[in-house]
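There are 2 protein chains.
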Amino acid sequence: MQRMMFSAVLAYVIAVVLGKLLLPVLYKLKFGQNIYELAPEAHKKKQGTPIMGGLVFAGAMIATVLVMNDYSGPLTQNMAFAMILMALGNMGIGFADDMTKIRGGKNKGLTAKQKMAFQAVLALAFSAYCYFHPQIGSAIEIPFLRAELNMGILYIPLMMFVIVGTTNSANLLDGLDGLCSSVSLVAFAALSVIAGALSLGSLGVGCAAMCGALMGFLFYNVYPAKMFMGDTGSMFIGGAIVSAAMLMRQPLILVLIAFWMLMSSLSVMIQVTYFKKTGGKRIFRMSPIHHHFELGGMSETRIVAMYMMTTAVLCLITLLGVL
Amino acid sequence: MQRMMFSAVLAYVIAVVLGKLLLPVLYKLKFGQNIYELAPEAHKKKQGTPIMGGLVFAGAMIATVLVMNDYSGPLTQNMAFAMILMALGNMGIGFADDMTKIRGGKNKGLTAKQKMAFQAVLALAFSAYCYFHPQIGSAIEIPFLRAELNMGILYIPLMMFVIVGTTNSANLLDGLDGLCSSVSLVAFAALSVIAGALSLGSLGVGCAAMCGALMGFLFYNVYPAKMFMGDTGSMFIGGAIVSAAMLMRQPLILVLIAFWMLMSSLSVMIQVTYFKKTGGKRIFRMSPIHHHFELGGMSETRIVAMYMMTTAVLCLITLLGVL
Chain A
0 MQRMMFSAVL AYVIAVVLGK LLLPVLYKLK FGQNIYELAP EAHKKKQGTP
50 IMGGLVFAGA MIATVLVMND YSGPLTQNMA FAMILMALGN MGIGFADDMT
100 KIRGGKNKGL TAKQKMAFQA VLALAFSAYC YFHPQIGSAI EIPFLRAELN
150 MGILYIPLMM FVIVGTTNSA NLLDGLDGLC SSVSLVAFAA LSVIAGALSL
200 GSLGVGCAAM CGALMGFLFY NVYPAKMFMG DTGSMFIGGA IVSAAMLMRQ
250 PLILVLIAFW MLMSSLSVMI QVTYFKKTGG KRIFRMSPIH HHFELGGMSE
300 TRIVAMYMMT TAVLCLITLL GVL
Chain B
0 MQRMMFSAVL AYVIAVVLGK LLLPVLYKLK FGQNIYELAP EAHKKKQGTP
50 IMGGLVFAGA MIATVLVMND YSGPLTQNMA FAMILMALGN MGIGFADDMT
100 KIRGGKNKGL TAKQKMAFQA VLALAFSAYC YFHPQIGSAI EIPFLRAELN
150 MGILYIPLMM FVIVGTTNSA NLLDGLDGLC SSVSLVAFAA LSVIAGALSL
200 GSLGVGCAAM CGALMGFLFY NVYPAKMFMG DTGSMFIGGA IVSAAMLMRQ
250 PLILVLIAFW MLMSSLSVMI QVTYFKKTGG KRIFRMSPIH HHFELGGMSE
300 TRIVAMYMMT TAVLCLITLL GVL
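Here the protein sequences come in this chain order: A and B.
Position one of the first sequence corresponds to residue 0 (numbering that gives the first Met the number 0), numbered consecutively onward.
Position one of the second sequence corresponds to residue 0 (numbering that gives the first Met the number 0), numbered consecutively onward.
These are computed hints drawn from the structure, not numbers from a lab.
Computed from a predicted model, the values in this text were never measured in an experiment.
There's no promise every hint is true.
Any copy, or any two copies together, can satisfy a pair, since identical chains are not distinguished.
Said to hold, decoys possible - Once the Cα atoms are required to be at most 30 Å apart in a straight line, the calculated BS3-like pairs of lysine-lysine come out as:
(1) K100 to K45
(2) K112 to K44
(3) K275 to K100
(4) K44 to K225
(5) K280 to K29
(6) K19 to K225
(7) K27 to K276
(8) K280 to K27
(9) K27 to K100
(10) K114 to K29
(11) K45 to K114
Go ahead and model the full structure; you've got the sequences and the hints to work with.
Next up, the structure:
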């Protein structure tokens, strides 16, 4: 636990310093966001805010893990490294998307098909890694019931679905200043506690570093945001959160700790399906659902507070079901 | 720990519901803030926002403790109740101040002398209570050194100073939307963990309930605030935080977990002293120091994020020194 707490503090400090250093660079490189044409009107003023701020917390998290990691045991089974590799893989996909945005659509980056293929390969590789990892395998824990469910070889396709779903959901959640970062830092705090309680020292360091790094990043990302995390950042978070849950054999807790990521995806799916079925009617004012709240008159900061605090409560409930 | 987590969730839910119910009532009663003439210009728009929102989290915290408290042991030694009584006593002083503000200064409420007398009596009573409490006494823990310092009868005057200092500092910290509530909820999360680790079940319930209640209140208090906690709220928080630290024999950790409260007070003292000594020069743009940051160009929300996240880091450091 001590090592985890120290990791969080270290990652926080690195992220604050890194943000300070990176902010002018991102501005200079004109890595500014081109705000999506269909976003709420109020978002137009955000034009030009640098993206790729995700590099701040990704860098802080990785540096912290390199220093603080528990290096006992074979390196190929080290959970913090597995988490980082998975996060970096997804970050690569997000980075390609960000480059497309920066070039104003001129550089198309990855096509939708290429992107899906990359995601599928990453998801397959990580599911197989967990499947063959001696401490993980094909069984997952069922919270609250405190039972185990062995899914056999079905583990791999099901987890691939969970991985692709979670990373894309994290990406969708990133739509308001400080939203994805504050929700995720709470989730990683809970994941740290669980990893600590399960004596998964290395994974605990990874989660605590992620939590601290996001805390530092939030200083720049809070409303009014000085930098956005970009797809670079949200895909890193998505990869980190899903891999952490899987490495502790608890993918089901994502329903609670990543509740708002899930809701972001679901709201988009419901909106699109309803729109098609009714031939043009909308169920939400706009999707993902945070834009629905926003257009309903809630301020950006109030939505962020609501998401963050409900996530904290859902995390407490998760801890009740897992510990 | 389970009881504490459940307390936090319960208090959160009660606070959200209570806020929803109380908000229209406070508006109707015209319990609006008259913004201090000397506050930064941008604060003028806050004129009319209802104060006494502190009733929301005070009510939620007390209701939760009544339900979830650990009733084993003599009631006079029950730490959650001692904490509530101390918080309520200070809240009374804050309430009188709020009434003065609402009446636009016509009703002078307590004079400065009366207020100081009340605070001194409360502080004396609570210090004596701890002094004679069989689980507390005149010794305090020294974090990091893991030593004990027995102060003998000096405990009472020194703790009186700590109490009056902390409650008034909490009051000074309450100057930006969501500032005092978000900083305090982090502090109470840390206090809950310490109380849990020290097996102080009743106190743990009190701290966790306070944390959850503030989380719920934050939804209404976050920028742009729909209600302020008022002196009613900040004095309740001040009383709760100082009593919790004293009941766990850890008053010294207030320097870390209540860092920004302390800084608020210190900045005012430094400002006033410097002003007098130099015959009119200022060291800060304005005190308490959050107004200094604000006038330096930082947005309200960024200051709140900075205060909240540094408090989280200081709380982690505290846990390293105490557990």
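Looking at the structure, which of the earlier hints fail to hold? Those not satisfied are hints 2, 5, 7 and 8.
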